[in-house]
Structures are given as structure tokens and as C-alpha cells.
Amino acid sequence: MASTGIMAAQGSAPMQHASASLYVGDLAPDVTEALLFEIFNAVGPVASIRVCRDAVTRRSLGYAYVNFHNVSDAERALDTMNFISIRGKPCRIMWSQRDPSLRKSGLGNVFVKNLDKSIDHKTLYDTFSMFGNILSCKVAMDEKGQTRGYGFVHYALVDSAEKAIQKVNGMVIAKKTVTVAQFIPKEQRQVGPRRFTNVYIQRFPKSWSEERLTTAFSECGTIDSSFLARDSTGASKQFGFCNFPNPEEAALAVESFNGREMEGHTLYVTRAMKKEERLKFLKEKYEKIKHERQKQFAGVNLYVKYLDDKIDDERLKAEFEKFGTITSAKVMRDASGRSRGFGFVCFETTEQSTKAMAEMNSSIIEGKPLYVALAQRKEQRAATLQKEYNERNWQQDRRKQTGGPAGAGGPRSGPPGPGGRGRGMRPQMNFPPGGYQMYGQQGQFNPRQQMGYVQPQMRGQWPPQNMARTPMMPGSFPPQQRMGYPPAQGMPPSMGNMGGQQNMGPPQTRPGAQPPQRPAPRGPAGVPNQPAPPMAMPPRSLPAAARPQPPTMQPNVSQPLTSEMLNAANASQQKQMIGERIFPKIQSREPKLAGKITGMLLEMDNMELLHLLENETALMEKINEALSVLNSHQTSGATAEPAE
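Counted the way the numbering used here counts, the sequence shown spans residues 34 to 677.
Any given hint could turn out to be false.
[Stated by the list, open to error] In silico lysine-lysine, DSS-like type, Cα no more than 27 Å apart, as pairs:
#1 Lys318 / Lys411
#2 Lys150 / Lys219
#3 Lys219 / Lys350
#4 Lys313 / Lys363
#5 Lys350 / Lys401
#6 Lys146 / Lys208
#7 Lys177 / Lys200
#8 Lys239 / Lys350
#9 Lys328 / Lys208
#10 Lys219 / Lys338
#11 Lys239 / Lys270
#12 Lys420 / Lys350
#13 Lys308 / Lys146
#14 Lys433 / Lys411
#15 Lys307 / Lys328
#16 Lys122 / Lys316
#17 Lys321 / Lys355
#18 Lys328 / Lys343
#19 Lys401 / Lys313
#20 Lys196 / Lys177
#21 Lys122 / Lys177
#22 Lys155 / Lys239
#23 Lys363 / Lys219
#24 Lys343 / Lys270
#25 Lys316 / Lys177
#26 Lys355 / Lys177
#27 Lys343 / Lys355
#28 Lys146 / Lys355
#29 Lys239 / Lys150
What the hints contain is simulated information worked out from the structure, not anything from laboratory work.
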């Protein structure tokens with residue numbers, strides 16, 4: 034269809050498409066903004082692309098919006114790229130309708146049924162495009178990608194839809210006579226009670242035969258056929274079907290027998306549904322129940338872990354009931370009945386749960402510090418972990434690209450947002466010394482971190498180039514001390530952090546020998562500058578943080594770490610002490626990923642990390658969680674690569 038034809042048809046359409054925005058549907062789950070940008074940018078300059086995703090799981094919903102700078106480019110993309118295959122699935126492109134009233138009204142929408150299996154989206158579009166401008170065209174597909182035998186064609190004008198109904202209804206397409214009619218919304222089709230003849234029966238006694246089933250339901254009317262499901266051994270599966278020739282008798286059977294007690298069993302009788310319809314019905318039913326349960330227990334249900342094996346439901350309830358009325362308390366157990374180390378406590382009000390969470394978190398019960406937080410769904414926890422890992426991984430990549438700390442590189446240093454554009458200034462994340470700065474990609478310790486050095490968090494490269502070349506004069510202090518930075522802890526003041534080298538004052542020379550000469554720094558025009566006089570500041574004039582500290586002993590990693598030892602150290606030293614002890618344990622399990630896993634675990638609370646040091650089982654569980662996050666990230670990164 035030519036672009037001029039589109040514009041002419043849309044001139045009388047109820048809505049002008051001047052926004053140059055396209056809707057792209059039927060996308061594979063692994064289609065990303067980068068892949069769509071590469072595909073659609075070949076037609077014309079793309080302004081932005083957004084793949085719509087689930088708010089919790091961040092999985093693709095199967096459709097996206099592509100915004101062009103020019104309307105003509107959008108028209109060209111609609112003409113030439115509709116129904117092209119992306120990741121093995123033909124995409125469906127239409128103009129983006131901001132107002133949903135046009136879609137929901139049903140005006141100009143045509144329903145086509147009895148389609149042959151060979152009819153796809155493009156064939157249906159080509160067949161009906163001769164009657165007018167088509168806004169959307171789709172053949173209904175099942176979960177396996179097979180056609181359901183019907184489809185929809187939405188015209189921009191009602192006259193085009195009426196013309197298609199008159200010309201195509203009753204025609205033979207691919208050896209099948211198709212039926213074309215005006216589309217009727219679902220709520221209008223189901224006016225009055227739904228008529229059916231087939232009845233589904235479940236939960237009747239296992240001793241019932243097909244004859245007994247027919248005899249029981251014959252009191253509602255004549256049954257022309259019945260079926261009893263059996264397994265491979267011939268035993269009854271306790272469900273079957275009865276078909277009535279009269280829909281009124283079938284409705285009477287459902288009304289009379291559903292919930293009736295017969296021979297000690299409560300029957301379940303309802304209208305027979307197809308498999309797809311039944312799965313959809315059950316999914317909606319359970320989602321509704323889950324949503325109501327979450328709404329009911331939002332903010333009052335607490336998740337408690339690091340429970341001792343001795344703690345049962347009654348003990349857990351007794352520990353928390355001082356904060357308010359508890360509606361339920363349960364310790365989760367495995368198949369053998371052994372405690373899994375966590376449980377749930379549900380209060381009546383949000384105020385009670387908030388108070389319990391604040392006071393019971395990190396409290397000691399049976400020698401273990403508890404972890405208490407609001408209960409979350411599994412999908413929410415997985416999405417949170419995935420988001421945190423993506424943030425850390427992005428910062429690591431940014432540090433490698435810029436040659437400095439993450440965040441350097443200008444105001445557009447945030448992670449890429451929709452369409453590959455930056456999201457503006459990203460808040461700088463200062464990892465503790467026990468985090469990724471301590472552990473490298475290969476899981477090796479940084480010796481400067483082991484000696485107690487804490488790298489200052491600055492934007493850009495440290496040390497600066499001009500400061501790195503400043504000569505150390507006798508009696509002077511390292512550059513970071515002259516700028517107000519504290520000296521490295523556990524190191525004499527003469528051991529600066531100048532690239533990891535040690536400046537031990539003036540070089541020792543033999544009697545009568547000339548001291549080594551340093552090349553004089555040169556100015557912009559190549560003229561030697563005068564050397565700066567030595568800055569011999571008295572130690573007393575320095576602030577307390579910059580005074581030389583006596584050398585300290587290296588920590589004893591083999592010594593068990595206690596909460597008293599952590600309380601005696603500052604926040605950065607606490608992560609250092611925990612990291613030195615937890616890293617060898619992780620390295621013995623995962624030598625290649627020990628550095629990354631250690632950095633991820635060190636983001637946890639210190640009391641939780643102490644528990645991991647004491648409990649090998651809990652540590653292995655955390656390692657498995659971290660590995661699952663890493664594997665899912667690697668898998669998503671591999672599938673997001675566009676095809677060559």
C-alpha cells in the first residue's frame with residue numbers, strides 16, 4: 034500500500050497519526066530495545082523505543098512502541114516491515130492509538146472465522162486490504178503458535194468494514210468457506226445465561242461406573258452420551274461428562290447436582306469447557322485469590338529467618354505475641370518435618386507488624402540473630418535481586434570504560450533507559466572497602482586493601498596525573514595528606530598510595546656519592562621550573578586524622594569473628610574483617626566467581642554475614658542464590674544480542 038493511499042484514507046479517519054508512533058506487537062520474549070533500534074533505524078531516524086515489561090518480573094509483555102522523528106518514516110516502516118520475522122516470530126505493526134475508545138468501540142472491526150490453517154497474518158491482511166485502510170489485522174493463535182481458525186480485521190472506516198462483509202462473506206479461501214461478520218464485544222455477546230449441553234462432573238465415588246453416572250443424572254432429562262475417564266489400569270479418575278440434547282436440562286443438572294452430597298462425596302458439576310478455556314478460567318481464579326490474599330496481608334505478614342531447629346510454631350508465636358495479636362505463625366519445614374530455618378508471622382494491624390519488625394530484627398534467639406522483614410512474593414524478591422545485580426554490573430562496566438570510579442564520564446552517566454538513552458545523572462554508589470574494590474574478577478585480594486588502605490571515593494582517576502608526578506621531598510607528606518586525606522591505616526606515613534610504591538624518605542647514598550638527580554619539571558614552553566621548597570610541616574600542626582599512626586598487626590583470619598570484634602571496628606573495617614573470612618569459603622566452592630559472589634554477599638547486613646560464617650548450609654544457600662542471579666543475567670545478556 035502506498036504512503037499516499039494511507040494518508041488519503043486517514044484524512045477521513047477519526048484520528049490523525051501525526052505522532053509518528055508505531056505499535057509493534059507479537060514480539061518474542063527476548064526482543065530488546067537495542068534489537069528493535071537496529072531493525073527500524075534502517076528505515077529512518079528513530080527517536081525512541083520502549084519494550085513494555087511487567088512491573089515486578091521485568092519480563093517482556095510482547096509488545097513495544099517505536100517513535101520516529103518523521104511521520105513519513107513511520108508510514109514507510111508500516112508498509113515495508115509489517116509481519117516481518119523478529120526472533121522467529123512475525124511482528125504485527127499498527128499505528129499507536131493513545132485513545133483506547135477507538136479499539137474498544139468495535140466500529141470498523143470485522144470477525145472472520147473458519148480460516149484454513151495456512152492463513153497467517155499477512156495473507157489475511159492482503160486479502161482484506163483491497164476494501165480500505167486496515168488499522169490492525171490478526172489471526173488468533175494458541176500457545177503453540179497454531180492458528181485457532183479465526184481472526185480480526187479492524188478498518189479505519191466503517192464503510193470499509195461493511196464492504197468487506199458484503200464481498201467476502203461466504204467466499205472460499207484456501208478450500209474453506211469463510212464467514213465474515215461485524216465484530217461483537219464479549220460483554221454484548223453474553224447477554225443472558227450462556228447456553229450449553231455438555232456437563233462436566235467431578236469428585237463422585239470411585240466405585241461409580243459409566244452406567245451409574247448416567248442413571249444419577251437422568252433425573253434431569255434425557256442423556257444422549259456419557260463418558261467416564263479412566264487411567265491406564267482401568268481405574269476411575271473420578272471425573273466424566275454427560276451430554277444433554279436440551280440446553281435447559283443441562284443447566285438444570287448443573288443447578289441441581291453441583292455441591293450435592295452423594296455416598297459421602299460432594300459433587301462438583303459445571304459447564305464443560307475446552308482445555309484452553311478451562312486453563313484460562315483456573316488461572317484467573319487463582320490470580321484473583323492470590324491478589325485478594327496479598328491485599329489482605331499486605332504490611333502485616335512478616336518473614337523471619339535464621340530460626341534455630343528447636344523453634345516450632347508455638348515458640349515462634351510466643352516470641353512475637355508481645356507486639357500484638359497474631360493471626361498465624363508458622364515455621365516452614367521440609368518433607369521430613371525438619372525446620373527449614375525460616376517462617377512467617379502475621380499480625381492484625383500494620384502498626385503491630387512494624388513494631389515487631391523494628392524490635393525483633395537482629396535480636397538473639399537460641400544464639401542466632403534473627404532477620405525480620407516484610408514478606409514478599411518470590412517474583413518480587415527475584416526482581417529485586419536481579420535489579421541490584423544489574424546495577425552493580427553496570428557500575429563495574431562503567432569503571433572499566435572510563436578508567437576511573439563508576440559515575441565518571443559526564444552528566445549522562447546513568448544506566449541506559451528505554452531506547453538506549455541515558456536516564457540522567459546517576460547517584461554515585463560508594464561500595465564499602467569489603468565490596469568489589471577488594472575482590473577482583475579472578476577472586477584475588479587487593480594487597481593495598483589488606484594493608485588497611487581505604488581508597489577515597491572521587492569522580493575521575495585517582496591519583497590525579499599532576500599529583501602522581503609530584504616528587505616526594507625529604508620531610509614532606511604524601512599528597513593525600515597535604516590535601517586533608519588521612520594516612521593509610523596500619524601503615525607508616527611515609528608509605529603513601531602512589532601507585533602502590535613505598536616512599537621511605539630520602540634515598541640512602543654511600544659517603545661521598547652524589548644523590549640521584551630528578552629531572553626538573555618543565556613548564557608549558559619547555560622552560561625548566563624552579564623546584565618547590567620542601568614542605569616540612571611539624572607533626573603537631575597536623576590534624577589528628579593526619580598524624581602518623583604506628584604500624585598495626587595483620588588481622589588473624591583464622592580467629593573466629595564475633596559481634597564484639599565487629600563493634601570495636603568502624604563500618605569499613607567491619608566489611609574488611611568479614612570479607613577476609615568469607616572469601617576463602619566461597620573460593621573453595623566457586624573459585625572463578627568467588628570475587629563476584631563475595632561482593633554480592635557483602636551487601637548484606639553484618640549480622641546475616643556472621644550467621645553465614647557460622648552456618649555452612651546457609652552460606653551454600655546464599656551462594657546458590659547468587660549463582661542463579663549470575664546465570665540468569667548471563668542468559669538474558671546472551672539472548673539480547675541481535676542476530677548477525
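Right, here's what the structure says about each hint:
1. Lys318 / Lys411: holds, 19 Å
2. Lys150 / Lys219: Distance ~24 Å between Lys150 and Lys219 Cα, so the pair holds.
3. Lys219 / Lys350: The given pair, whose Cα atoms are some 49 Å apart, is violated under the 27 Å limit.
4. Lys313 / Lys363: violated, 32 Å
5. Lys350 / Lys401: holds, 17 Å
6. Lys146 / Lys208: holds, 13 Å
7. Lys177 / Lys200: With Cα atoms ~32 Å apart, Lys177 and Lys200 exceed 27 Å; violated.
8. Lys239 / Lys350: violated, 42 Å
9. Lys328 / Lys208: violated, 53 Å
10. Lys219 / Lys338: violated, 48 Å
11. Lys239 / Lys270: This hinted pair holds, its Cα atoms lying about 7 Å apart.
12. Lys420 / Lys350: violated, 34 Å
13. Lys308 / Lys146: holds, 20 Å
14. Lys433 / Lys411: violated, 33 Å
15. Lys307 / Lys328: violated, 31 Å
16. Lys122 / Lys316: Measuring from Cα to Cα gives roughly 25 Å; hence the hint holds.
17. Lys321 / Lys355: The given pair, whose Cα atoms are some 33 Å apart, is violated under the 27 Å limit.
18. Lys328 / Lys343: violated, 32 Å
19. Lys401 / Lys313: The hint is violated at about 45 Å.
20. Lys196 / Lys177: violated, 34 Å
21. Lys122 / Lys177: With Cα atoms ~12 Å apart, Lys122 and Lys177 stay inside 27 Å; holds.
22. Lys155 / Lys239: Measuring from Cα to Cα gives roughly 51 Å; hence the hint is violated.
23. Lys363 / Lys219: At roughly 44 Å apart (the allowed maximum being 27 Å), Lys219 and Lys363 break the hint.
24. Lys343 / Lys270: Cα-Cα ~42 Å, so violated.
25. Lys316 / Lys177: holds, 18 Å
26. Lys355 / Lys177: Answer violated: Lys355 to Lys177 is near 54 Å, above 27 Å.
27. Lys343 / Lys355: holds, 20 Å
28. Lys146 / Lys355: violated, 65 Å
29. Lys239 / Lys150: Answer violated: Lys239 to Lys150 is near 41 Å, above 27 Å.
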